[in-house]
Amino acid sequence: MSQKNITELDIKGKLCPMTFVYTKLALEKLKSGDTLNITLDYPPAVENIPENCKRQGLAKILDIKQLKDDIWSISLEKI
Amino acid sequence: MSKDSIKMELNNNQIERYSRQIVLKEIGGIGQKRLLKSKITIIGLGGLGSTTAYYLAGAGIGNLKIIDFDYVDLSNIHRQILHFTKDINKKKTESAFEKLTSLNPDCNIEKIDGKIVPKNIESIIKNSDFVIDGSDNFSTKMLINDACVKLKIPFTIAGALRYHGQIITVVPKKKTTCYRCVFGNITEEASGMSCSQAGVIGVIPGIMGSIEAFEAIKYLLDFGELLTNKILFVDLLTNQYNYINVFRDVECLTCGDNSNINLMDSGSEINDKC
Ligand SMILES: [Zn+2]
Numbered sequence: 001m002s003q004k005n006i007t008e009l010d011i012k013g014k015l016c017p018m019t020f021v022y023t024k025l026a027l028e029k030l031k032s033g034d035t036l037n038i039t040l041d042y043p044p045a046v047e048n049i050p051e052n053c054k055r056q057g058l059a060k061i062l063d064i065k066q067l068k069d070d071i072w073s074i075s076l077e078k079i
Numbered sequence: 080m081s082k083d084s085i086k087m088e089l090n091n092n093q094i095e096r097y098s099r100q101i102v103l104k105e106i107g108g109i110g111q112k113r114l115l116k117s118k119i120t121i122i123g124l125g126g127l128g129s130t131t132a133y134y135l136a137g138a139g140i141g142n143l144k145i146i147d148f149d150y151v152d153l154s155n156i157h158r159q160i161l162h163f164t165k166d167i168n169k170k171k172t173e174s175a176f177e178k179l180t181s182l183n184p185d186c187n188i189e190k191i192d193g194k195i196v197p198k199n200i201e202s203i204i205k206n207s208d209f210v211i212d213g214s215d216n217f218s219t220k221m222l223i224n225d226a227c228v229k230l231k232i233p234f235t236i237a238g239a240l241r242y243h244g245q246i247i248t249v250v251p252k253k254k255t256t257c258y259r260c261v262f263g264n265i266t267e268e269a270s271g272m273s274c275s276q277a278g279v280i281g282v283i284p285g286i287m288g289s290i291e292a293f294e295a296i297k298y299l300l301d302f303g304e305l306l307t308n309k310i311l312f313v314d315l316l317t318n319q320y321n322y323i324n325v326f327r328d329v330e331c332l333t334c335g336d337n338s339n340i341n342l343m344d345s346g347s348e349i350n351d352k353c
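Listed in order, the protein sequences are those of chains A and B. Read in our numbering, the first sequence has 50 at position 50, and its numbers run on one by one without any break. Take any residue in the second sequence, count from 1 to its spot, add 79: that is its number in our numbering.
It should be emphasised that the hints constitute simulated quantities derived from the structure, not laboratory data. Note that this is a predicted model, so its numbers are computed, not measured. Any given hint might turn out to be false.
Calculated pairs, DSSO-like style, for lysine-lysine (alpha carbon to alpha carbon, straight line, at most 30 Å) [to be verified]:
1) B:Lys229 x B:Lys104
2) A:Lys14 x B:Lys104
3) B:Lys144 x B:Lys205
4) B:Lys144 x B:Lys309
5) A:Lys29 x B:Lys104
6) B:Lys165 x B:Lys253
7) B:Lys116 x A:Lys31
8) B:Lys297 x A:Lys60
9) B:Lys116 x A:Lys14
10) B:Lys198 x B:Lys165
11) B:Lys116 x B:Lys309
12) B:Lys104 x A:Lys31
13) B:Lys229 x B:Lys144
14) A:Lys29 x B:Lys116
15) B:Lys231 x B:Lys309
16) A:Lys31 x B:Lys229
17) B:Lys104 x A:Lys65
Label pairs and their computed distance ranges (CB to CB) [what the hints assert, rightly or not]:
18) B:Gln276 x A:Gly13: 52 to 60 Å
19) B:Gly137 x A:Glu51: 23 to 31 Å
20) B:Lys231 x A:Pro43: 49 to 57 Å
In silico negatives: residues of chain B with every beta carbon more than 10 Å from chain A [what the hints assert, rightly or not]:
21) Gly108
22) Asn142
23) Asn199
24) Gly278
25) Leu316
Here a beta-carbon is modelled for each residue, glycine too, at the ideal position from N, C-alpha and C.
Work out the full structure, taking the sequences as your base and the hints as a guide.
Listed below in structure tokens is the structure:
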């Protein structure tokens, strides 16, 4: 039984494609089943990050939330 | 390439510099770190070698060993992209070193001024993960082939002349068809290879050198398909890109079942770089 970890990633201020680059690098450090919670403020990334994670088979999308007018959070589970 | 490549961390500058490669599914941060730990030797800094060195340095190959004996000539510059007009009469290794270190400070460049010969080739290439041929003559290509097969180092050999190019990759550990299997019976005279006499359009060594660079990257990161057991022939004049399957010769003097490689027989004179 492996322990599931939760990791936070703050990429506020980052634009695409760096939003995905930092997400991908963070996912690489996790084990399968671990959770990555991303905080971001660049609107196009709300679609681009999940889209690219799906396309590259990196993570499942657990949740996408708008926290404030210009702040979102995305929860991913590493595949 | 070593396992500890996974442990090193990319700094923010590197994450930005290599972001377009990290985005690629097949590369990512893991692949990028492996490239930064890799060692590639490039033999010849003419049209092919200049281009290969440029893209490999740009891609973040951590250790490049570059070899040439020649000086930059005005007639080289139309195709040898690392050398500029101000570099005429400068050693090609020096000219290349300046450009490559300025292109990417992550890249450790070791320069060797001199000819590659049977006596020195093994010590020069022995710790390389991959070897690139950027020479312009059959005897040097054969020497690179024989030494790499002997030391079981993967390599790519290309040629460029007029509007044509050709390229093959060899992975000795997988016993793929070697350069001598295909061209073993061709002599220097019969090959008629010389850029100075035949002429060469600048883009053709650029294209072939670019393909060489990507062969090395694909090998190092183990993705895609290599140009092994086939030769790509490019004819830019008529836009024909043909692959020809080639087969290992079990009696090949270099990679055959009973071969006993003696590099002293490989020959090594180098003419002007294509
Ligand atoms: Zn052979």
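Going down the list of hints, with the structure as the test:
1. B:Lys229 x B:Lys104: Since the Cα atoms of Lys229 (chain B) and Lys104 (chain B) sit roughly 34 Å apart, the hinted pair is violated (cutoff 30 Å).
2. A:Lys14 x B:Lys104: holds, 20 Å
3. B:Lys144 x B:Lys205: It holds: about 11 Å lies between the C-alpha atoms, which stays within 30 Å.
4. B:Lys144 x B:Lys309: holds, 27 Å
5. A:Lys29 x B:Lys104: holds, 16 Å
6. B:Lys165 x B:Lys253: violated, 44 Å
7. B:Lys116 x A:Lys31: holds, 24 Å
8. B:Lys297 x A:Lys60: holds, 28 Å
9. B:Lys116 x A:Lys14: holds, 28 Å
10. B:Lys198 x B:Lys165: violated, 34 Å
11. B:Lys116 x B:Lys309: holds, 29 Å
12. B:Lys104 x A:Lys31: holds, 18 Å
13. B:Lys229 x B:Lys144: holds, 19 Å
14. A:Lys29 x B:Lys116: holds, 18 Å
15. B:Lys231 x B:Lys309: holds, 19 Å
16. A:Lys31 x B:Lys229: Roughly 41 Å separates the two Cα atoms, so the pair is violated.
17. B:Lys104 x A:Lys65: holds, 26 Å
18. B:Gln276 x A:Gly13: 52 to 60 Å: Since Gln276 (chain B) and Gly13 (chain A) have Cβ atoms about 59 Å apart, the given range 52 to 60 Å holds.
19. B:Gly137 x A:Glu51: 23 to 31 Å: Holds - the Cβ-Cβ distance for Gly137 (chain B) and Glu51 (chain A), about 28 Å, lies within 23 to 31 Å.
20. B:Lys231 x A:Pro43: 49 to 57 Å: Cβ of Lys231 (chain B) to Cβ of Pro43 (chain A): about 52 Å, so the range 49 to 57 Å holds.
21. Gly108: At about 4 Å from chain A, Gly108 (chain B) fails to clear the 10 Å cut-off, so the statement is violated.
22. Asn142: holds, 23 Å
23. Asn199: holds, 40 Å
24. Gly278: Holds, since 42 Å exceeds 10 Å.
25. Leu316: holds, 38 Å
In summary, the structure is inconsistent with hints 1, 6, 10, 16 and 21 from the numbered list given earlier, while agreeing with the others.
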